[in-house]
Amino acid sequence: MVEVELYGLPRLYAGGERCQVPAGTLREVLLAVEARFPGLAPAMLQGGAVTELVRVALDGREMIESADYPLGEGAVLVLVSAQAGG
Amino acid sequence: MGIFGRILKVRLAGDRLECEHVPLDPEVHRAFVGGVGLGAYLLWRFAPAGVDPLAPEAPLIIALAPLLGTPLTTTAKLAVVCKSPLTGRISDGLSSSSFALAAKRLGVDAIVIVGALDRLSTVHLNEELHRCRLEPAAALSGASPAEVGEAFAGAHVAAIGEAGERRVRFASLANDGRHAGRGGAGAILGAKQVKAITVRGDAIATVADGEAMRERARDLARRSRGAATDKYRRLGTVSNLETFDRLRILPARNFQAVSIGRKRARKLSPEGLGAQGGHVRAGCAGCTIGCDHRFGGTRLEYESLFALGPLCGVEAPELVLAAAAACDRLGLDTISTGGTIAFAMECAARGLVPWSLRFGDDLVPWIERIAAREGIGDRLAEGSRRLAASIGQGSERFACHVKGLELPGYEPRTMQTMALGLAVAARGADHNRSGAYQADLRPGVDRFAADLEETPPRVIETEDHAALLDSLILCKFLRGAIADPWVEGAELLAMAAGIDLSGAELRAAIRRIVGLRHLFNRREGWTIAEDTLPERFLSEPLEDGEVVSRELLQGMVAGYYRARGYGADGALGGAQLERLQLGRWLEMEP
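Residue numbers (the working numbering), protein chains in the order written: chain H, 7 to 92; chain G, 43 to 632.
What the hints contain is simulated information worked out from the structure, not anything from laboratory work.
Computed from a prediction, not measured in an experiment: that's the story for all the values here.
Built from N, CA and C at the ideal position, the CB exists for glycine as well.
One or more hints might be untrue.
[What the hints assert, rightly or not] Reference excerpt, derived from the structure (chain H facing chain G, CB under 8 Å, subset only): (1) Ala63; (2) Leu64; (3) Val84.
Let's have the full structure, built from the sequences with the hints guiding it.
Structure below.
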């Protein structure tokens with residue numbers, strides 16, 4: 007399973023803080039997240055991809071976006087707002 | 043309203059003021075646009091070389107902008123520009139207010155204040171110069187900016203708090219509850235014995251294309267209410283804290299840590315803060331975004347939250363809110379306040395000073411001592427650089443400032459594009475003139491490892507983008523709603539002020555502004571040795587080993603100047619000045 011954590015806008019739209027979905031490509035994982043939290047579509051997630059309002063950090067570090075990016079068992083995806091200014 | 047082609051020069055001396063309109067070169071807005079750009083030009087022109095920022099002859103400039111007064115959303119902003127008493131370098135702070143709108147109705151593009159009074163006074167400025175006058179302000183001594191506003195109910199007021207009167211080097215200038223905070227403009231007004239400024243006028247500058255402007259204003263307002271600004275509207279920037287904690291970006295305990303843990307961060311999230319007496323949203327004058335979030339009645343942004351919270355080891359939301367309210371009341375920049383106190387806390391923890399100051403303490407008594415320059419507060423009022431110099435014992439190593447300006451809430455060791463952005467920023471460690479953190483959080487950018495070739499252009503792009511928005515002036519929170527800022531910026535300038543520039547010409551103007559700010563710093567003693575980070579970031583790895591490579595940073599600084607077309611040592615010679623078309627502007631007499 008892949009652990010998905012939501013912060014900022016993604017959490018607000020989802021109405022939830024975290025979920026677990028089956029491992030797979032980034033697209034497959036995001037489709038599963040979208041199914042778990044329908045409120046994320048279409049502003050945050052669209053068809054297994056993030057919109058320009060969202061960033062995806064693998065294990066809280068590398069920002070990834072490639073649909074084919076493989077996410078193995080135990081991976082942690084952190085979904086955050088794209089806007090960081092303060 | 044577009045532009046008026048003149049400034050209001052206010053000369054203070056003893057118990058008198060003289061006001062005059064000074065015409066601007068007709069080309070000045072094409073060359074420097076407005077806002078921070080116009081302010082940089084006026085600072086170069088009116089500040090004597092080498093001037094003490096707190097001396098009477100040092101100017102304080104309130105620069106307005108071509109878009110101010112138009113129906114465009116988020117344009118009710120002004121820039122306060124000066125030679126910083128904290129850094130000795132250029133400083134420009136923005137704030138939004140009805141004061142900005144009213145200042146434009148004086149019929150000028152900027153207000154330049156020079157000289158000093160012999161007693162605390164309020165300066166009343168009027169479109170009709172013979173109505174400009176002084177009013178003794180002894181009764182307002184020690185009053186908060188909000189109290190000053192109440193004393194002049196119905197007027198548009200900018201004021202300093204007690205910290206400005208006491209010349210605290212990071213005192214702010216407040217208007218409508220907003221602060222031009224960074225760099226200590228409030229101390230300059232305090233040195234001039236000016237407690238407050240009011241403005242009154244009815245002037246209206248002609249909009250070049252009123253119909254197009256109205257249509258664009260409706261369109262921009264619509265975009266401003268879209269998903270691109272949702273975060274600011276619905277959560278506020280305070281929502282950064284929990285995210286940054288998770289991404290190990292959040293500075294804690296004077297940059298000794300990058301996380302405070304999920305449970306503690308959650309207490310400082312919008313939800314946690316909202317539990318402290320409610321959560322209300324408001325907005326600046328003329329703004330359709332509405333990012334102003336108040337918790338228990340206190341306005342709070344991420345930078346204030348991080349600086350008065352985790353940076354000082356403070357975890358309780360009520361203590362952070364009380365500290366933020368104290369800074370508002372006393373007129374203090376929250377980042378420098380938190381940064382300086384956090385540094386003092388670490389000095390105390392290391393036994394370098396015998397002060398009863400511990401991480402996690404209630405900050406309010408210390409903030410009050412700083413504003414009053416009482417006891418140890420007098421030393422903290424000088425900022426972390428000067429405080430470190432007076433403490434010595436190697437404390438300079440962990441005094442977290444660049445050029446004397448305390449760092450904002452982005453950890454350079456885990457954001458290495460930002461590390462370069464902080465090092466080279468003209469006004470010192472800064473997140474508003476260098477938005478390099480945006481690059482660090484993009485896919486495809488390794489934020490843990492900078493690159494000699496790729497990092498400098500990323501920093502330049504975000505610096506130029508910020509300088510564009512700060513010169514027009516438009517709120518940076520609109521950036522996600524503007525597809526091409528250069529094209530739309532040029533269109534807006536044409537509609538508002540009849541200034542016809544292509545996107546490329548506008549970009550050249552912004553490069554000129556950046557160049558002039560750099561030249562000002564060079565004139566005031568800047569050397570490339572200033573473009574670095576505190577030793578902590580270069581020699582103390584975080585727990586996962588992240589550190590900023592000293593050699594790489596030096597190489598990137600040189601690469602940054604080369605990419606800007608300057609010498610690798612930051613020198614700007616005749617050929618560069620010609621390319622930037624700066625030469626003629628450097629020769630202007632005051």
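Structure-based check of each hint:
1. Ala63: holds (6 Å)
2. Leu64: violated (10 Å)
3. Val84: With Cβ-Cβ at 6 Å, under 8 Å, it holds.
Of the numbered hints listed earlier, the single one contradicted by the structure is hint 2.
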